[in-house]
Amino acid sequence: MNAMGFAWRSLVRQPARASLGVLGVAAVGALLFDMLLLSNGLVISMRGLLERTGFDLRVTATDALPGSGPLIPKAVGVTQAISKLPSVRSAVALRFANATIQNGTPRGLFAAFQGVSATATHPWTILQGRDIATGAEVVINENTAERLRIKPGASITLRAACTGDEQALPPATFTAVGIAQFPFDTPNGITVAASLEQVAEACGGNEVDEADVIMAASQETAGPDAAVADVSRLFPDLKALSNAEAVSRFERGGFTYFRQISTVLTTVTLGFAVLLITVLLTVSINQRLGEIAALRALGFSRWRVVADVFCESVLIVGGGGLLSLPLGAALAVGLDHILKRIPGIPADVHFFVYQPSALQMHLLLLAATAVVAALYPIRVVATLPIAATLRDEVVG
Amino acid sequence: MSRFWVALIAAVLAGTALRAADDLPSVLISRQLAETERLRIGDVVRLSPTADGTGVQQFRIGGIYEPTPDPARLGAVIREVQLHLPDLLNLTRESGTPAGSEYVQRINVALVNPEDASRFSRDVQARMPGVQAQPAAGAAESTGPFIVLRRFHLAIAIVTILASTVFLLALTIMLVDERRTAVGVLRLIGFPSHRIIFQLFLEGVLIASVGSLFGLLLSLVSEGLINRFFQWRYDTALVFVHVTPQVAATCVAIAVPLGVSATVVASWALLRRNGLRLARR
Chain V
1 MNAMGFAWRS LVRQPARASL GVLGVAAVGA LLFDMLLLSN GLVISMRGLL
51 ERTGFDLRVT ATDALPGSGP LIPKAVGVTQ AISKLPSVRS AVALRFANAT
101 IQNGTPRGLF AAFQGVSATA THPWTILQGR DIATGAEVVI NENTAERLRI
151 KPGASITLRA ACTGDEQALP PATFTAVGIA QFPFDTPNGI TVAASLEQVA
201 EACGGNEVDE ADVIMAASQE TAGPDAAVAD VSRLFPDLKA LSNAEAVSRF
251 ERGGFTYFRQ ISTVLTTVTL GFAVLLITVL LTVSINQRLG EIAALRALGF
301 SRWRVVADVF CESVLIVGGG GLLSLPLGAA LAVGLDHILK RIPGIPADVH
351 FFVYQPSALQ MHLLLLAATA VVAALYPIRV VATLPIAATL RDEVVG
Chain B
1 MSRFWVALIA AVLAGTALRA ADDLPSVLIS RQLAETERLR IGDVVRLSPT
51 ADGTGVQQFR IGGIYEPTPD PARLGAVIRE VQLHLPDLLN LTRESGTPAG
101 SEYVQRINVA LVNPEDASRF SRDVQARMPG VQAQPAAGAA ESTGPFIVLR
151 RFHLAIAIVT ILASTVFLLA LTIMLVDERR TAVGVLRLIG FPSHRIIFQL
201 FLEGVLIASV GSLFGLLLSL VSEGLINRFF QWRYDTALVF VHVTPQVAAT
251 CVAIAVPLGV SATVVASWAL LRRNGLRLAR R
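From first to last, the protein sequence lines stand for chains V and B. According to this note's numbering, the first sequence is numbered sequentially starting from 1. According to this note's numbering, the second sequence is numbered sequentially starting from 1.
Keep in mind that the hints were calculated from the coordinates and are not lab data. Predicted model only: the values in this text are computed from it and were never measured. Heads up, the beta-carbon is just placed ideally off N, CA and C, and yes, glycines get one too. Fair warning: there could be bad hints in the mix.
Below, in silico cross-link-like pairs of lysine to aspartate or glutamate (EDC-like), each with a Cα-Cα straight-line distance of 20 Å or less [what the hints assert, rightly or not]: (1) Lys74/V to Asp52/B; (2) Lys74/V to Asp230/V; (3) Lys84/V to Glu201/V; (4) Lys239/V to Asp43/B; (5) Lys74/V to Asp237/V; (6) Lys74/V to Asp225/V.
Derived CB-CB ranges, DEER-like [stated by the list, open to error]: (7) Leu375/V to Val243/B: 30 to 36 Å; (8) Arg130/V to Val243/B: 54 to 60 Å; (9) Ala330/V to Asp235/B: 33 to 39 Å.
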């Protein structure tokens with residue numbers, strides 16, 4: 001019988017303790033797997049979201065995030081100039097404001113109010129109705145349609161709020177011509193979008209032709225880096241960022257907290273697993289010292305009994321590791337559900353994202369755990385004095 | 001307001017640091033701004049409310065302060081300037097706006113008796129409709145991210161406790177099994193089962209208590225290490241881990257009964273066997 005078969009029989013002989021050992025590794029492994037998914041999940045998810053918008057360039061007035069910095073002046077002209085660059089396929093200017101929708105709601109419905117320049121491509125997907133054209137038209141997201149119980153063609157009256165200062169702008173009435181999906185919508189977010197001119201008008205007409213961000217799509221032949229260089233050359237006062245640079249900034253931002261916490265928890269979890277599997281194996285070996293000494297006396301080599309102990313460790317960690325994958329996946333769904341309640345997180349962004357490298361790292365760490373946890377019990381078995389142990393067993 | 005600060009910061013970065021003139025109004029600057037721009041107490045800075053640098057006024061740096069830790073700005077380099085309110089209003093007042101007609105976003109109130117905060121806020125809201133008054137503690141507690149992070153950490157803690165329980169049960173089964181012979185002999189010489197289980201129970205209490213105390217010591221040590229690491233990583237004075245007496249009591253309240261239960265459950269199965277069977281070799 002080979003070492004693996006022997007180790008299997010040793011574990012099966014004591015099913016309760018073997019099952020508990022495997023279950024323990026499964027629970028710890030699930031947590032470890034989740035921490036690995038969390039370490040890069042947010043960044044991968046954000047990168048995917050940025051790529052799905054169809055634009056790979058963001059131009060702002062300063063380094064500040066769109067919506068929190070100064071506006072880009074003469075935005076329509078700048079957008080047209082950018083879209084004419086040979087490395088750029090299309091460009092669209094966006095203005096972000098807030099609004100209170102007053103459609104029969106007693107206290108009004110707080111909404112994000114977006115304005116886009118007149119281009120063929122808009123940064124949303126129409127689900128029902130049609131896209132905005134000229135005139136006082138808006139598209140709304142599904143949450144808005146549900147909350148207001150309206151369909152395409154209905155009227156919306158809103159009061160815009162376009163600066164941080166207190167304002168008392170007059171209400172403006174629009175026709176909701178379509179229901180759209182916005183990539184950066186939060187799960188319960190209320191979003192309304194109109195043309196740049198309509199938003200400027202609703203904002204009191206004080207900041208006409210200004211935008212928070214210009215989003216551009218690069219030509220496939222040129223790539224985003226060349227487009228960034230072209231835009232920076234044409235408008236040196238503006239800040240142009242590719243998706244990769246935006247993600248890199250995002251990585252350095254506040255959400256690195258989750259990467260750090262995942263590193264800390266991964267380390268603690270691994271330490272915990274190593275310690276407990278070592279103790280389990282050591283206690284198990286100590287109970288079988290006489291049996292192991294007898295096997296050695298019967299002719300089992302030192303390496304053979306070492307291999308038996310190592311295989312036991314591999315079986316416990318391997319079995320637990322396999323169970324940890326579905327457990328971890330289920331746990332990740334629950335934890336993601338909890339974390340996505342952080343205000344301002346887009347509905348399509350996830351904290352726990354599967355990636356093959358996370359699975360590889362998980363398997364690697366579990367393999368290392370099996371090896372490290374087996375070291376001490378292996379030492380006990382390898383240095384076991386055969387005659388003295390047998391004598392102690394008989395005398396005891 | 002944020003745009004104003006951006007312009008202000010831009011102006012500070014562009015401004016020339018001059019040596020002090022005592023009659024200038026003083027400002028405080030954040031430690032991060034002082035470090036990045038190599039500004040010192042006594043330096044003169046030029047601040048403008050607009051990005052193009054119009055309406056510049058000179059100020060003397062009266063002090064450097066550590067910004068109040070704000071989890072919402074974790075990872076951001078906080079470049080801030082604090083002005084006296086009249087100086088700020090003078091700097092930002094648009095031409096044609098009479099002095100005294102400005103507004104402020106927020107008024108912080110320090111009460112003689114902080115326990116009156118809730119009553120005071122109710123009072124203010126009743127007397128001044130349209131004004132929102134909220135106790136500072138309540139405002140911090142109601143911030144979404146804190147509640148979500150607390151739930152996340154609680155979920156992680158529950159999974160850890162489950163994993164620990166499983167391991168603990170496996171260990172106690174093995175440890176009790178190791179003492180099978182001793183328990184068998186005790187049964188054979190006349191010790192009743194309840195006496196042995198009581199002894200094992202006391203042992204469980206002792207081990208779980210010592211283990212809990214060790215765990216608390218470990219958490220106190222790691223509290224310092226984790227805080228120092230994250231404070232260094234994010235250049236903030238924010239406290240990330242804080243082992244409060246309440247947290248410590250909760251941990252002990254969970255760990256000790258869990259440890260004792262595992263010992264008793266593992267021993268129970270053993271004591272149901274016959275004494276002779278336990279003592280046989």
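Q.
Tell me if the straight-line CA distance from Lys74/V to Asp237/V falls inside 20 Å.
A. Between Lys74/V and Asp237/V the Cα gap is close to 13 Å, so the pair holds against 20 Å.
Q: Check the following: the C-beta atoms of Ala330/V and Asp235/B are separated by a distance inside 33 to 39 Å.
A: Hint holds: Cβ distance 38 Å, inside 33 to 39 Å.
Q. Taking 30 to 36 Å as the hint, is the beta-carbon distance of Leu375/V and Val243/B inside that range?
A. Holds, at about 32 Å.
(Q) Tell me if the straight-line CA distance from Lys84/V to Glu201/V falls inside 20 Å. (A) violated (27 Å)
Q) Between Arg130/V and Val243/B, does the beta-carbon spacing fit 54 to 60 Å? A) Check passed, 59 Å falls within 54 to 60 Å.
Q.
Please verify whether Lys239/V and Asp43/B have alpha carbons no more than 20 Å apart.
A. Violated - the C-alpha atoms of Asp43/B and Lys239/V are around 31 Å apart, more than 20 Å.
Q) Is the Cα-Cα distance between Lys74/V and Asp52/B 20 Å or less? A) holds (16 Å)
Q: Below or equal to 20 Å on CA atoms is what counts here, so check Lys74/V against Asp225/V.
A: Since the Cα atoms of Lys74/V and Asp225/V sit roughly 24 Å apart, the hinted pair is violated (cutoff 20 Å).
Q.
Please verify whether Lys74/V and Asp230/V have alpha carbons no more than 20 Å apart.
A. holds (19 Å)
The structure is inconsistent with the numbered hints 3, 4 and 6, although it conforms to all the rest.
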